[in-house]
Every structure is written in structure tokens, then in C-alpha cells.
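Please construct the entire structure, taking both the sequences and the accompanying hints into account.
Protein chains in written order, with the numbering used here: chain A, 7 to 362; chain B, 11 to 143.
Mixed in with the good hints there might be a few duds.
Within a straight-line C-alpha distance of at most 27 Å, the following computed DSSO-like cross-link-like pairs (lysine-lysine) qualify [said to hold, decoys possible]:
(1) B:K137 x A:K292
(2) A:K61 x A:K147
(3) B:K62 x A:K99
Honestly, the hints are just simulated from the structure, not real lab data.
Since we're looking at a predicted model, the values are computed, not measured.
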Amino acid sequence: MSRQTRRSFLQGAGTAGAIATLPLSLVEVAFAKPGQNFTFAYISDSHIQHVEGSKFVRNWDRGLIRAVAEANLLQPRPDFVMYGGDLAQLGTKAELDHGADMLGSLRGKVHHVMGEHDYYLDLGEYWSKLFGPQWYSFDHKGVHFVVLNSILTYDEWTYERWPSAEQRMLEMAGLDNPNGSPFMVGDRQRAWLAKDLAKVAKSTPVVVFSHSPLQKIYKGWNFWTEDAEQVQQLLAPFDKVTVFYGHVHQIQYNQIGNISFTSAMATAWPWPYPETYAQAESHLPKLTVHMNRADPFFERDATGWQFIDVHTGRAATHYNLYNNKVRTVAFDAASGRPEDTAYQAPGARIAPQSHF
Amino acid sequence: MRAITLVLTLAVTAIASPGLHADEFTPEDLARWQAQFEGVVAEGRALWGDGKLGRNGVACGQCHPNAANTHPETYPKFQKQLGRVASLWEMINWCLRNPLEGEPLAADDPKMVALLAYATWERRGVKLEPGKH
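Right under this line is the structure:
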């Protein structure tokens with residue numbers, strides 16, 4: 007099917023009702039001047055996994071293919087697409103190439119965030135060849151965007167502990183593996199960030215992308231960044247800061263001081279909330295209303311992607327849970343934090359939002 | 011008198027040959043059984059992260075770190091997707107067939123026993139609530 011034909015087909019499918027069920031996480035950042043408002047799409051955690059030869063895990067492929075197809079249907083067009091990291095499962099060229107090939111169908115500019123599954127085989131070498139620098143910033147319609155590589159760790163773990171690159175990758179790939187190591191942004195990158203932010207007016211909205219949460223939720227699964235507080239400190243002087251992160255494969259949102267946090271769902275599979283692990287204490291932000299329980303018989307349930315609408319420097323996220331009710335998490339000016347527009351009040355919640 | 015003699019005889023026999031009675035065991039027995047159990051749990055933990063359990067390299071732990079969201083304490087329960095009451099091993103087989111694109115295991119297959127032992131061990135201390143959704 008030619009690209010033009012495929013697009014026409016998707017638009018046709020949209021008019022037949024597909025648009026109404028888009029799995030959108032719509033984040034809105036708005037400005038005083040409506041002309042400055044814009045949107046972008048945010049896709050993350052596809053975990054493209056090589057089986058052998060030309061075979062890849064079908065389920066994960068389908069998740070990314072669906073997200074790309076739906077992002078291409080957005081109208082009006084988003085200004086760009088952010089890819090939030092973990093494109094690959096074990097960081098191989100085969101996986102990164104296959105993922106890049108699927109992302110190649112996206113209409114418009116794509117920016118990338120490094121995930122640990124992309125990194126720990128060759129320490130980001132092939133990823134960087136495909137997608138460019140691992141940390142950078144850019145300005146877009148009055149917003150300062152920063153992308154960090156937040157999945158670095160202690161040098162000893164990275165360079166000395168493992169006999170092979172393959173084993174290092176496998177050790178970091180197991181989410182609950184006690185041989186893993188906590189993520190961090192690191193001194194070098196924080197020094198760069200301080201310098202980068204020095205030239206930005208404090209009234210400029212700042213939007214930061216990292217793969218791991220720049221807050222500490224549960225260390226056992228690396229829902230964690232070791233130097234989170236130090237990064238938060240660098241962001242503290244700005245009036246409006248929003249941090250988007252992947253890695254957690256679930257809806258999370260939080261407010262710490264001036265910083266609003268919003269996570270992304272994965273296109274591959276959802277993760278349990280940390281408190282569903284009975285043997286350890288975790289600290290899911292109290293603000294977060296749980297994502298609906300995923301139906302294991304419906305492989306795309308509780309996976310998805312996000313559509314971000316930038317409006318007055320603040321974010322409103324619309325999450326569409328496949329086979330479940332759509333969620334909208336918007337920054338509430340009155341309370342000064344992101345809140346679910348339908349389910350924030352405990353009395354408004356529905357049974358699948360209580361995990362056990 | 012005969013009854014007392016019989017009791018005494020039994021008591022003497024029990025002391026003379028410990029272990030003949032199923033309800034008597036020693037700290038050594040307990041330690042051995044515990045070690046057996048922990049060995050199977052460890053085997054289950056290894057299988058949980060093993061990409062070779064199915065056929066596409068996907069492992070249980072990719073979606074269920076620390077066997078979370080398997081809630082073994084709620085089984086057996088009515089599984090609306092199956093339309094009947096099911097046990098946890100049937101759900102594990104569903105995962106083996108679908109996300110892992112592999113073959114199901116018999117309920118008493120040592121691998122299935124190990125997977126169940128591991129998932130249940132990770133949920134230790136949580137109260138039993140069979141049937142809960």
C-alpha cells in the first residue's frame with residue numbers, strides 16, 4: 007500500500023468512528039495569546055522485541071503500529087511527536103532499526119528520549135546514530151523544551167560489573183531485578199542543564215522530558231531517579247514547569263512545588279501500580295487516581311499514547327484507555343496541580359480504579 | 011488395666027522408633043521441607059524471568075514484576091472472559107499461549123507448580139479472598 011493510499015484509508019476509517027475512540031492522552035499547555043497554543047503527540051515504551059530472523063514479538067509491534075496510525079489521524083496536525091524511550095527491548099540494532107522503521111511512517115518531526123532498554127547494550131551508540139543527541143533543548147512557540155537522558159547509573163555498575171554488554175543489558179532490562187541499579191541524570195548533564203536554563207526567562211514555560219520519573223516513587227522497579235531532587239532544584243526557579251516521563255507504563259501525575267508531573271502509558275504493555283506488590287513500600291503520588299485494571303484478555307487494554315495540547319504553559323492530559331473509559335488529567339489553576347477532570351473526588355471513582 | 015498397658019506399649023514404641031508417626035517431625039524435617047519449598051519458589055522465580063518458557067522470548071516478569079497483578083489470593087474465581095470459575099494455573103496457561111505464544115503446561119507439571127509457588131510466595135501475608143474481583 008503506498009503511503010498516500012494508506013493515509014486516505016486511515017482518514018476514511020476515522021470518519022467511520024475510529025477517531026471517537028482514539029487512545030489519547032491530551033496534554034494542553036495554553037498561552038494568553040490563543041495563536042501560541044499548539045499540540046504535540048507523545049508516544050512511549052514500545053519495547054520492540056526481536057525473536058529471530060525477521061520475526062519480532064507481534065503484540066508489541068501492533069501497539070506501536072496502532073499508535074503511529076492514530077497519531078497520523080490527528081487533526082489539526084500536532085506540531086511534532088515526542089518519542090519517550092524504550093523503543094527497543096534489548097537495545098539491538100535489529101530492534102532499533104525495526105522500531106525506527108515503524109516510527110518512520112509518522113507524519114512530521116519526531117524528537118527522541120533515551121530509555122534504558124535502548125541504552126545498556128552499546129551505551130546508546132547505535133540509538134544516537136539513528137536519533138541524535140541523548141540530551142538537548144529547543145524552543146517552540148514560547149515554550150522551552152528540555153530532553154534529558156535520565157537512565158544513566160553509577161559508573162562502576164555500567165563499566166566494571168558485567169562480563170559482557172549483553173549481560174549488562176539483560177540485568178537492567180528486568181524491572182524487578184535486584185541486580186539492577188538506580189537511574190540518574192548525573193553531574194555532567196545537570197551541569198549542562200543549569201547552563202541551558204540560565205539563558206531562559208523565569209516566566210517562560212519549561213517542559214522537560216525524561217524516561218524515568220524525575221521523582222522517587224518505588225526504587226525496586228526503578229520508578230525512580232537517584233538525583234531527582236537535584237534536578238527539581240534546577241527547575242524550581244521557573245513559574246511553570248511540566249515534566250513528562252515514560253518508563254512506568256501507567257497513568258501517574260503529581261505536583262511537587264512548581265513542577266507538574268505527568269507520565270505516559272506504554273504502547274507495549276501496562277505495569278501494575280507498585281503498591282500491588284505486597285512485600286515492599288512504595289510512594290505513588292497521592293494525587294494519582296489509578297488507571298483502570300487492564301483486561302488481560304484484550305492485549306491492547308491499558309496501553310496507548312498521548313496527545314498533548316499546550317495552553318498557557320500548562321498541561322491537560324487526555325488518556326484514552328483502550329476498552330475502558332477515557333481519562334482527562336488537566337492542570338487546575340485553582341488547586342495549582344494536575345487533577346482528573348472526572349474521577350479526582352474519591353466518591354466519583356469507579357470500581358476498576360481500585361487496584362489490589 | 012489392659013488399656014493402660016496398650017497405651018504404655020504404644021508410647022514406648024513411639025519413643026523407640028521416632029518418625030513412624032506422620033504427625034511427629036523434628037526441626038531437621040522442618041528445615042528440609044522449607045528448603046524444598048524455597049527451592050521450588052526459586053525455580054519459579056527463574057522461570058518467571060525466562061524468555062524460553064514461551065516461544066517468542068517474552069517472559070512473565072515483563073508484565074508482572076514480582077508477580078504483581080496476578081492476585082493468587084483471589085482464585086478460584088469467576089473469570090468473565092471464560093464464562094466460568096477458573097483457577098490461577100488456567101490463567102497462567104492463558105498467558106503462556108497468548109503473550110508468550112507458547113504451549114500450555116499441565117496443572118501438575120513441575121514448572122507450573124514452581125510458577126504458582128513463586129506467584130503465591132510474592133503475595134504472602136495477603137488475606138485469602140477467593141472469588142474477589
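For each hint, the structure was consulted:
As the CA atoms of K137 of chain B and K292 of chain A are separated by approximately 24 Å, the hinted pair is consistent with the 27 Å bound. With a C-alpha separation of about 42 Å, the suggested pairing of K61 of chain A with K147 of chain A is violated against the 27 Å cut-off. Of the pairs offered as hints, the one joining K62 of chain B and K99 of chain A holds, with about 21 Å between alpha carbons and a cut-off of 27 Å not exceeded.
In the structure shown, a violation is registered for the earlier hint numbered 2 alone.
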